[in-house]
Amino acid sequence: MKNKNYSMKSVYLVTSLIVVIMLFLQLIILGINSSREAKTATAARLRQVEIILEKNDHEETALLSSLKNEYTILAKAVAYYLDHNSSAVNDIEELKKLCSLLSIDEIHIFDETGKIFSSSVEQYIGYTLDSGEQIGYFKPMLEDRTMTMCQDVTPNTAEGKPMVYAMTWNEPQTLMVQVGIEPVRLISELKLKEIEKVIGDISVDKNTTITVADASTLEIVGSTEPKFTGNNLKNICNLDSSKITDETTFFKKIKLSDNVLKSFCSAKNSGEYCICVFLDYNYFFNRILESLFLVFIYLLLATFVITFIFKRLLSSRQENIQHMEVFQSMSEIYYSLHLVNLKKNTVIEYSAKNHVKDNYNKDTKVKADVMMKNIMHATMSDAYLQRGLEFSDITTLPERMKDKKVISMELLGKNVGWIRMSFITITATEGIPNKIIVATQIIDEEKKAAELLYAKSHTDELTKCYNRRAYNNDILTFLDAADKKEFIYISLDL
Numbered sequence: 276m277k278n279k280n281y282s283m284k285s286v287y288l289v290t291s292l293i294v295v296i297m298l299f300l301q302l303i304i305l306g307i308n309s310s311r312e313a314k315t316a317t318a319a320r321l322r323q324v325e326i327i328l329e330k331n332d333h334e335e336t337a338l339l340s341s342l343k344n345e346y347t348i349l350a351k352a353v354a355y356y357l358d359h360n361s362s363a364v365n366d367i368e369e370l371k372k373l374c375s376l377l378s379i380d381e382i383h384i385f386d387e388t389g390k391i392f393s394s395s396v397e398q399y400i401g402y403t404l405d406s407g408e409q410i411g412y413f414k415p416m417l418e419d420r421t422m423t424m425c426q427d428v429t430p431n432t433a434e435g436k437p438m439v440y441a442m443t444w445n446e447p448q449t450l451m452v453q454v455g456i457e458p459v460r461l462i463s464e465l466k467l468k469e470i471e472k473v474i475g476d477i478s479v480d481k482n483t484t485i486t487v488a489d490a491s492t493l494e495i496v497g498s499t500e501p502k503f504t505g506n507n508l509k510n511i512c513n514l515d516s517s518k519i520t521d522e523t524t525f526f527k528k529i530k531l532s533d534n535v536l537k538s539f540c541s542a543k544n545s546g547e548y549c550i551c552v553f554l555d556y557n558y559f560f561n562r563i564l565e566s567l568f569l570v571f572i573y574l575l576l577a578t579f580v581i582t583f584i585f586k587r588l589l590s591s592r593q594e595n596i597q598h599m600e601v602f603q604s605m606s607e608i609y610y611s612l613h614l615v616n617l618k619k620n621t622v623i624e625y626s627a628k629n630h631v632k633d634n635y636n637k638d639t640k641v642k643a644d645v646m647m648k649n650i651m652h653a654t655m656s657d658a659y660l661q662r663g664l665e666f667s668d669i670t671t672l673p674e675r676m677k678d679k680k681v682i683s684m685e686l687l688g689k690n691v692g693w694i695r696m697s698f699i700t701i702t703a704t705e706g707i708p709n710k711i712i713v714a715t716q717i718i719d720e721e722k723k724a725a726e727l728l729y730a731k732s733h734t735d736e737l738t739k740c741y742n743r744r745a746y747n748n749d750i751l752t753f754l755d756a757a758d759k760k761e762f763i764y765i766s767l768d769l
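Here the sequence shown stands for residues 276 to 769, where the numbers follow the working numbering.
The set of hints was computed from the structure by calculation and includes no laboratory data.
Treat the hints with care, as some may be off.
[Unchecked claim] Straight-line Cα separation of at most 25 Å, SDA-like style, residue types lysine to any residue; simulated pairs:
#, residue 1, residue 2
1, K619, I712
2, K537, I307
3, K343, F413
4, K586, L288
5, K436, E397
Note that the structure is predicted; figures quoted are calculated from it, not measured.
Produce the complete structure using the sequences and hints provided.
Below, the structure is given as C-alpha cells:
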C-alpha cells in the first residue's frame, strides 16, 4: 500500500509537471504566433492607409486641376467679352454685372506694365504685380504674353481672404484680365480630403490606432485617436523614428501614450507622411488567456484520464504482485503452478520443477490446451496418460468446473510417482471460470503411507494373516457379478 501511495504521488507530480511545461510551451508558441499575426495585420492595415492617402492625393490634385481649368476658361471668357465690348473695360458697374452673370467674385484689368487700372472692386485699382507675394505670382506673364496662369487657394493681397485667381492676356495682348473666385466648393471639397478627416473616418477596433504624421517634423496631422492629432509622434510613444524608412518596419514593445499594455507597431515613410499602425497587446492578451484556459482544460481532462488509467494499471499490477507473492509462497508446497486464461487459451508459469519445467514452452504462440497435452505426455505414466489427458482437457474444463471452486485427480507420473493435479477457480462469470490455477503436488509418500495403513487395517497383528475385513471387497465383487453363483465364506479366529 505504501508503494502504491508513493507511485500515485509520483504520477500526480509528473502529470502536474507535464501540465505546467505544456502550458509554458503553449504560452511561448502563442506569443510567437501573436507577434507574427500582429506583424501581418499591422502591415496590411498600413498598406491600406497608404492606398487611401495616395487615392486622396490623386483626387485632390484632379479636383484642383479641374477647377483651375474651369477658372482659366472664365478668365478667357471675360477677356473675349471685353475685346468685343471695349466700353465695359472701364465701366465698374458693367464689370460687376459680368461678375454676377458668370458667378465670379472679382474682375481686375491690368495694363501692359502689370498695374490694375480697372476693377469690379475699386480698392484694387492701382495695385501692381509688385504689390505683394500673392499678386506677384503672375509676374512671369509680363515676359511671356502667351501664358495663362491660375493660382492655388491663397489669401488675397487686399483683404487676406482665401481666393483663387486666374489670369490671361486678351486677344490683341494689350491688357491682362484676372478673375478672382472665392472657392467655397473647392474649400469644402478639400476639407473633406484633409488628412485629419480622412484618417479619422477610417473604421478601426478599440485595440488599433492609426497615426499619420509629417515625415520631416513628425507632427501628427491625422489619427483615429482624436487626442493625438496635433501632437508630435515622439511625445505619444517611444518609437525610434530613426529606424523608420521607406520600407515597412515592425516594432515590438511600443508604449503608446498612457496605455497600460504595450503595443506592436508597423511604421513607414510614404512620401511626405510617416504612417504608423499600433496594435495593442490587449488584443492578443485576452486571446492568449482564452487559449491557455482551453489548453488547461484539455490537459486537465487528459490528466484525469491518464491518472484513472494508471490507477487501474497500478491496481492490476498490485493484484498481480499479490498473486505472485501468494503463488511464490505456494510454490514450496506445489510441484508446479500455472495460471491459465480459459477465454484467451493462454498459460503463464509461476513455478515448476524438473520435468514440468522442461516441457513448458515459453513461446506465447503455443496455446494452453496444446501445452497441457504436451506436459501430460511428457510426465504421465502410460497407465494414467489417458485419464490425465481427459482430466486436463482445457476445452471441457469450463463446463466441468461450473459453480465449482476446485476439482482434483490423483495420477501416477513417470518420474516422481503419485501426483495430485488440481484446478482452482480464480475468476468466473456466472459460475463459469475465466481464469484458473493449475497446481500439481507430489503425494507419493502420502500414497505409500495410505497403502501401509490400508494393509495394516486388513492384517491380524499376531498371526500376520488377513482378517475378515480383507475379503469384503472380494465378496462385493462376487455379489456384483452378472453370473452370480452360490459361494460359502468361512472365517475362523485362531
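Just pull the numbers of the violated hints for me, sorted ascending.
none
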